[in-house]
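When the count follows this note's numbering, it moves up by one through the sequence shown with no breaks and lands on 234 for the last residue.
Treat each hint with caution, since some may be false.
Stated by the list, open to error - With a cut-off of at most 25 Å between alpha-carbon atoms, the simulated PhoX-like pairs for lysine-lysine come out as follows:
| # | residue 1 | residue 2 |
| --- | --- | --- |
| 1 | Lys172 | Lys148 |
| 2 | Lys174 | Lys65 |
| 3 | Lys195 | Lys65 |
| 4 | Lys172 | Lys161 |
| 5 | Lys148 | Lys195 |
| 6 | Lys65 | Lys118 |
| 7 | Lys195 | Lys118 |
| 8 | Lys161 | Lys118 |
| 9 | Lys174 | Lys148 |
| 10 | Lys65 | Lys148 |
| 11 | Lys161 | Lys174 |
Claimed, not checked - Ranges of calculated distance between the beta carbons of each label pair, as one might list FRET restraints:
| # | residue 1 | residue 2 | range |
| --- | --- | --- | --- |
| 12 | Thr209 | Asn125 | 33 to 41 Å |
| 13 | Ser47 | Gly150 | 35 to 43 Å |
| 14 | Ser208 | His54 | 22 to 30 Å |
| 15 | Pro197 | Ile12 | 29 to 37 Å |
| 16 | Ser55 | Gln79 | 19 to 27 Å |
| 17 | Pro8 | Ser186 | 36 to 44 Å |
| 18 | Gln52 | Pro206 | 50 to 58 Å |
| 19 | Pro101 | Gly150 | 26 to 34 Å |
| 20 | Gln79 | Pro162 | 12 to 20 Å |
| 21 | Gln56 | Ile207 | 41 to 49 Å |
| 22 | Gln76 | Pro8 | 29 to 37 Å |
| 23 | Phe116 | Glu64 | 22 to 30 Å |
| 24 | Ile12 | Glu185 | 15 to 23 Å |
FYI, nobody ran anything at the bench for these hints, they're computed from the structure. It should be emphasised that the depicted structure is a prediction, and the values quoted were computed from it without experimental measurement. The beta carbon of each residue, even a glycine, is placed where N, CA and C say it ideally should be.
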Amino acid sequence: MTFLKIPPILKIVLVLVFAVGLFFFLKFLPRVFSPQSSGSFSISPSSELGQQMHSQGWLLQPDEKFEFIWVLIFKQSSQIEFWSPRGLIGHLDIHSLNSTPGRKVYNNDGRLPEGFYKIREITSNNDSAQSVILNYPTPVDENELIIKLGEPLYQLRIGSKPDLEVFLNAEKFKHLVDILARAPESERNIAIFPKSPPLQAQVGDPISTINIYKQLEVLYGKLKKLDTKIQLGL
């Protein structure tokens, strides 16, 4: 019996094709099995909680709904701002960030990423929300991050457990979920910034004030690329 002899050059080509295929398989395997739909646990606003927040100075009525919500998280000051068509409706202090300082460069470098996100999933514990999982990494993150072959993707979560990336106490987490529930699923937006801009926005400031943040969004991509190159010594 004779065996088919494969030319050396063909062997090299086959090995390269196999290696490339294995790379993409391992890179996208975690995403195949990760939740992609928004809101696996359905959330709804509470009139009682809305009344409580209104009495605490939030700019909302107990049963009020919004066309959109922007949740702005500022890493340096550990604060969250909530913006609706009415303007800045309230803010919260973050209990702690499970993150080391600086801009995220590697997938598992322990740093909280910065960018613009949607909600991928809301997990529940019995009948209440437990955590909000964001759609990290976005295509922008994937282009900027250094991800080692086959390593699991970093999860970006907000919740009332100390081991989550953004940790709020139980009461403040309920406020976050209640505000998100007042907007349609497709209009629940979350942005993470390194630090607050120097405008010192106050509750009741009009939505036009957020144009300053939009300017930050325009610059965000360029700044991120530049900072990444500096950190890598390129």
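**Prompt:** In ascending order, which of the hints set out earlier in this document are inconsistent with the structure?
**Reply:** Failing hints, ascending: 1, 3, 5, 9, 10, 13, 15, 17, 18, 21, 22, 24.
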